[in-house]
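Take the given structure of chain A and dock chains B and C to it, following the hints.
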Amino acid sequence: MIQQYVLATVAGSAVTALLALAAHKLQSARLIARLRAEAQASADTLKAEQSDRAEAIREPEQAAQHLEALAAQLRDELAQQSASADELRAALKAATDDKDQWAGQAQRIAGEAARLKHLGATFERWHEQMISLMTQNHDMHAKNQELSSIVRHVVIVSLNASIEAARAGPAGRGFAVVASEVRALAARSEELSKSYRDSLHRNDLTITSTFQDIQAGGKMIAASLASVESLANRFSSTLH
Amino acid sequence: MITAQARDSFERIFRKAAQARLPIEPGDTCEIAPVGAGDATRTDAMKGAQVVVLTISSIVFRLLLILHFDENDATRGYYLKDDVERPFQEVFLEICNLCCGAMNQELLRYFPDLGMSTPYVLSAHCLPYLRELNPDFVSAYSVTLNGSMQLAATICVCADAPVDFVADTSAMEETSGELELF
Amino acid sequence: MSKILVVDDSSTVRDEVAGFLKKNGLDADTAVDGKDGLAKLKASPGIKLVISDVNMPNMDGLTMVEKIRGELANKTVNVIMLTTESSPAMKERGKAAGVKGWIVKPFKGDAVLETFRKLAS
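Chains A, B and C supply the protein sequences, listed in that same order. Under the UniProt record's numbering, residues 1 to 240 are what the first sequence spells out, in order. Under the UniProt record's numbering, residues 1 to 182 are what the second sequence spells out, in order. Under the UniProt record's numbering, residues 1 to 121 are what the third sequence spells out, in order.
One thing to keep in mind: the hints can contain errors.
[As the list claims (entries may be wrong)] As a list, the in silico BS3-like pairs of lysine-lysine whose alpha-carbon atoms are at most 25 Å apart:
{"hint": "1", "chain 1": "C", "residue 1": "K67", "chain 2": "A", "residue 2": "K117"}
{"hint": "2", "chain 1": "C", "residue 1": "K95", "chain 2": "A", "residue 2": "K117"}
{"hint": "3", "chain 1": "C", "residue 1": "K3", "chain 2": "A", "residue 2": "K117"}
{"hint": "4", "chain 1": "B", "residue 1": "K81", "chain 2": "C", "residue 2": "K23"}
{"hint": "5", "chain 1": "C", "residue 1": "K91", "chain 2": "C", "residue 2": "K23"}
{"hint": "6", "chain 1": "C", "residue 1": "K108", "chain 2": "B", "residue 2": "K16"}
{"hint": "7", "chain 1": "C", "residue 1": "K108", "chain 2": "A", "residue 2": "K117"}
No wet-lab data here; the hints were simulated from the structure. Computed from a predicted model, the values in this text were never measured in an experiment.
Isolated chain A (complex conformation) (with noise of 0.2 Å):
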């Protein structure tokens, strides 16, 4: 009895090897053929990689080409900007010193008028004279009157002395006489002082207005040198 059962397991192992052994040589067929079927794959991937890098490489060397081309363009270029830079720097320079010159002279004319403004002080001095020219026509004016109202009294006096010669009668001829002188004296000097008083009105018209023109036309005249330094300094403040 053991032994057949014994004979059973052996066989039964047996089998069972076999058929182990059986399956392990269809499945390492399997996969053998697998790996000789992924082997074959792999070559070919391979190959084509092969083939595409091929083609990649020319890419970057037609890419190459290319750039080299375009870098002989870009030096071509970059040598006429370089040139262009260089004039526009050489403008540049000229325009900065331009503008240092022109600066310069914005705060020379901007000096020039600050100066011209104390043009201010020559005609305050002519102010100054024409006043005392004014105040001595104003004088004259005055001693004129004087003289004027002398004359008068004189005219009034010698008339007294000719009324008084003709009561006299003959003993008073010779003072008449010189009572008529008087008179004659004193009403050629009336005419005198009125010709004198006529040419004081012409001086005082003349000195008025001409003192008047020199005044007004002083603060015009120191107006428009103000306007122009405030221009000149505006001017030079923005050119630095």
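This is chains B and C only, laid out in the frame that chain A set:
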């Protein structure tokens, strides 16, 4: 040398300034009538024993504004009102100054460089010598304020170069009195 | 001590402006021309505001302002011109000299009172 339209402009500017500044009360009337050209320098034709003289100077011309007045009770009464203690001449000089100032402001619109003098009082006897200034334009007017207050005015312009402009006196600008801050 | 100085050769204007200021509680000194104005300003350092005419004998208003800023070296006092002049060139000269404001005559007190008060404080 002074064109007809410039003369007309000077006259209109004077009239506008006189009407605005000569009356002491804003509501008073101001009648301005021209006096014949030949009479402009005759002292008897022009009312006033004294004159106030002002000058406006520009680069090409100078203008003299001469206001004739009599310092009598009527004039003092009109300008000093009840306050007869105030010095009449100072008050009147200021009025003349304002009148000339108004002309100055108007002329500035056409002549950017102008200067104005201070006023000065002279005897009217100096007027006949106005011709010695060689004026290119002289025009005289009688001015009646409030129906009874009599003044007279003479405008005299001497030009060194041709003067031509047209004044627009239509604008009623009252820009005086306002403070312009810088 | 007055804080305001009114400079004008016309007593009419001096009385008008100073009178108006006094009526509104602001004390004001007066001067008759540029020279007088300079002297009065030098003597009263408390003055904060100068109201001045341009056209005056002896020394005009703008020359006075230039001397205030120059010889007197006073850069702080406020100056307002009250004048018949209105030319842009003259206003330029004023601005350059350090003038704070410009009023064309005739004087209208109410319009400028508050500004005067501020400038004088």
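We went through each hint and held it up to the structure:
1. K67/C x K117/A: holds (13 Å)
2. K95/C x K117/A: This hinted pair holds, its Cα atoms lying about 15 Å apart.
3. K3/C x K117/A: Not satisfied, since the Cα-Cα distance of roughly 31 Å exceeds 25 Å.
4. K81/B x K23/C: holds (21 Å)
5. K91/C x K23/C: The given pair, whose Cα atoms are some 30 Å apart, is violated under the 25 Å limit.
6. K108/C x K16/B: holds (20 Å)
7. K108/C x K117/A: violated (32 Å)
In terms of the numbered hints stated before, the structure departs from hints 3, 5, 7, listed from lowest to highest.
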